[in-house]
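Novice: Just so we're aligned, residue 6 is where the sequence shown starts under the numbering used here, counting upward by one.
Derived from the structure by calculation, the hints contain no laboratory data. Be aware that one or more of the hints could be misleading.
Unchecked claim - Here are the simulated DSBU-like cross-link-like pairs (lysine-lysine), alpha carbons at most 35 Å apart as the crow flies:
#	residue 1	residue 2
1	348	410
2	423	410
3	484	348
4	484	423
5	348	423
As the list claims (entries may be wrong) - FRET-style restraints, in silico, Cβ to Cβ:
#	residue 1	residue 2	range
6	477	431	28 to 38 Å
7	132	431	39 to 49 Å
8	419	484	39 to 49 Å
9	199	341	22 to 32 Å
10	441	350	31 to 41 Å
11	418	94	47 to 57 Å
12	479	92	15 to 25 Å
13	163	419	24 to 34 Å
14	94	201	51 to 61 Å
15	271	299	20 to 30 Å
Where is the CB? At the ideal position from N, CA and C, for every residue including glycine.
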Amino acid sequence: MGYKQELSRQLSMFHNFATTFSFLSPITGLTGTYAFLYTYGGPVSAIWGWCLVVAFNFVIGLIISEICSAYPTSGGVYYWAHKMGSPRMRNVLSFVCGWFNLLGQLGSSAGVAYTTAWLITDFIKLGTGGAAGAAAGVAISQAGLLGVYAAVLVLIGTINTVTVRALGVVGEVSIWWHVIGCTTFVIMLPAVAPTHQTAEWVFTTFILSLLGCQWAMVGYDAASHLTEETHAAAISGPVSILATISMGFLLGISFLLSVTFSIQDPANVLSPDNAVGGGNPVMGIAWDAFAARFGNGLGSLGLMAVPLLCSMFCGNACVTSTSRTLYAFSRDGAVPLSSWWSKVDPRFEAPVNAVWCVVVLCFILGLPMLHSYVAFAAITSIGVVGLYSSYLICIGLRLLASEEKFQRGPFHLGRWSKLVAGIAFAWACIAVIMFVLPQVYPVTAAVSAAAASSLNYAPVAVGLVLCVSLGWWFADARKWFTGPRKTVEEEEDGQECKDLMTPPRVQQHVETRMYSGS
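Given only the sequences and the hints, what does the whole structure look like? Please build it.
Specialist: Listed below in C-alpha cells is the structure:
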C-alpha cells in the first residue's frame, strides 16, 4: 500500500473481528440510548427500528468491505478517498474526509466512555439505597459524572498503552464476554421478571424512531484501521466488517426483546421517582424486575455487570481504532504536531502518543456535561455525523469511479457494486440529517452556569471541523498535502500487497518483520 510496516502485524482475523465487534458493541449503544428510543419512539423503535437500521447498515458494510479489500491500510476512509478521487480533487477530499472520520471516531469514543461513566454512577446510586423516595442513595452530580468519565478514559488509555498482542487478548476476552454475558442477560432478565409486556405492546405501539438504533450500529469500519496490524488484511478486513454487523444484529435484537418484554410498569421506566432517579432505563428495568420477584433489586447489579463491562471493552476498542486513525493521518502530515502523533513506541509496538492524545480530546468533548443534561445525545451525534460524512465521501466516489479505475481486492460485489453504493449513499445521507437535528424537544439554551441546555451542539462541532479543515486547506495545506505518502519502493509495496492477501493459515507460522530492519 506504499507504507513502511511500523506497526506489528500480530493480529489474526479473529482478533480483528473481536476488536471491531467490541467497537460496535450493540449492548453498549442500546443501553446508552434506550431512553431516547423509549421517549420518542416507544417499543417499536427499539425492535423494528433496529431491524431497519441494521439492514441498511449491512448495505453500507458491503460497499465499505469492497473498498477496504482494495485498499487495506490504517488510514481507512481518507486513504480510500485519495485513491478513488480525481487528480484535481483527491487531495482536498482526502484531507476533509480524514478530519470528518477522526472527529466521528472521537465522538464515538467519548460517547462510549460517557455510557460507562453513567452506568457506574447508577451502580453507586443503587448500591447505596436507590431512589426509593427523593433522597435515598448517593446521587452523583454532573461534576462527579465528569470525574468518573475522566477516570474511565484514563483506564482505557492505560489499557491501550500495551503491546498489540495484549490488545488481541483483550479483544478475545471481549468477544466471549459479549456472547456469553449477553446470552445470560437475555435469558435471566425475562426469567426473573414476574410479569411481561404483551407482544402487541412491544411490536406495535408508538411511532418509529431510529436515532438510538443508528448510534448502536456505528463503527464497523474499525476493521480497516487495524488492517496494518492484521494478517491477510485484504480478506480479514471485509470479513470482520460483515461478521460484526451480522452478530451485532443478533445480540442487539435479543437484548432489546429481553429488556422490553421485562418492563414491569411502562410509566415508571423514565420516571424521576424510579430506582435510578430517572437515570439509565435499562438498569431501572432490571432493578424493577428483581424487586418485583424478590422484594429487593440488588441482585440486578450482578446482571448489569454485563453491559457495564461490555461498555468498558467497547471504549477500549474505540480508543484503539481512533488512535490508529490519528497515527495514520499524522503519518501523512495532516494533523498539527504530526511527528509526535505518528511515533510508534518501540517498547509497546503501538502509537502511544496518539492514544493519549485521543484520551485528552475525548475529555474535552465531554466537558459540556457539566452544564448540559443532553451532552450524551450531542456526543453521539458528533460520532455518527462525523463517521457517516466520511462514509458519504468514499461511497460517493465509489459511485462515480469507473470499474476500470477501481482496482478490486479479493472481496468485491461485481456488477452489484453501483446499486449497493447507491442505496448505501442514500442511507448515509438520512443518518447525517437525523443526527444534526435536535435530540431533545423543546430546545432550550443555557442562560446560566446552573441551567441545563437541550441544544444539540453536534452541528456546531461538525461545522467547526469543516470550516477549520477547509480553511486550513485553502490557507496552507493545499501547498504541501499530497495525500498518503509512500514510504517504500514499488517492488516492496507489491510484495506487501501479496502478503496482505495471503490467507491467515499460510501466515500463521511466519513472523512478519517486513521493513523492520531485523
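Novice: Given the range 31 to 41 Å, decide if the beta-carbon distance of residue 441 to residue 350 lies inside it.
Specialist: For residue 441 and residue 350 the Cβ distance comes to about 38 Å; the hint holds.
Novice: Sort out whether residue 423 lies within 35 Å of residue 484, counting only the CA atoms.
Specialist: holds (34 Å)
Novice: Go ahead and decide if the range 51 to 61 Å is satisfied by the Cβ distance of residue 94 to residue 201.
Specialist: Holds, since residue 94 and residue 201 (Cβ atoms, about 56 Å apart) stay within the stated range.
Novice: Using the C-beta atoms of residue 477 and residue 431, is the stated range 28 to 38 Å upheld?
Specialist: Since the Cβ atoms of residue 477 and residue 431 sit about 31 Å apart, the hinted range of 28 to 38 Å holds.
Novice: Could you tell me whether the CB distance from residue 479 to residue 92 stays inside 15 to 25 Å?
Specialist: Holds, at about 18 Å.
Novice: Has the given pair, residue 348 with residue 410, been kept, meaning a C-alpha gap of at most 35 Å?
Specialist: This hinted pair holds, its Cα atoms lying about 33 Å apart.
Novice: Given the hint that residue 484 pairs with residue 348, test it: the Cα-Cα distance must not exceed 35 Å.
Specialist: At roughly 24 Å apart (the allowed maximum being 35 Å), residue 348 and residue 484 satisfy the hint.
Novice: Measure nothing beyond the straight line between the CA atoms of residue 423 and residue 410; if it is 35 Å or shorter, mark the hint as holding.
Specialist: holds (14 Å)
Novice: Range first: 47 to 57 Å. Now tell me if the beta carbons of residue 418 and residue 94 are that far apart.
Specialist: violated (24 Å)
Novice: Does the Cβ pair residue 419, residue 484 satisfy 39 to 49 Å?
Specialist: holds (41 Å)
Novice: Taking only the CA atoms, is the gap from residue 348 to residue 423 under or equal to 35 Å?
Specialist: violated (38 Å)
Novice: Are residue 271 and residue 299 spaced within 20 to 30 Å by their CB atoms?
Specialist: Check passed, 21 Å falls within 20 to 30 Å.
In the structure shown, a violation is registered for the earlier hints numbered 5, 9, 11 and 13, in ascending order.
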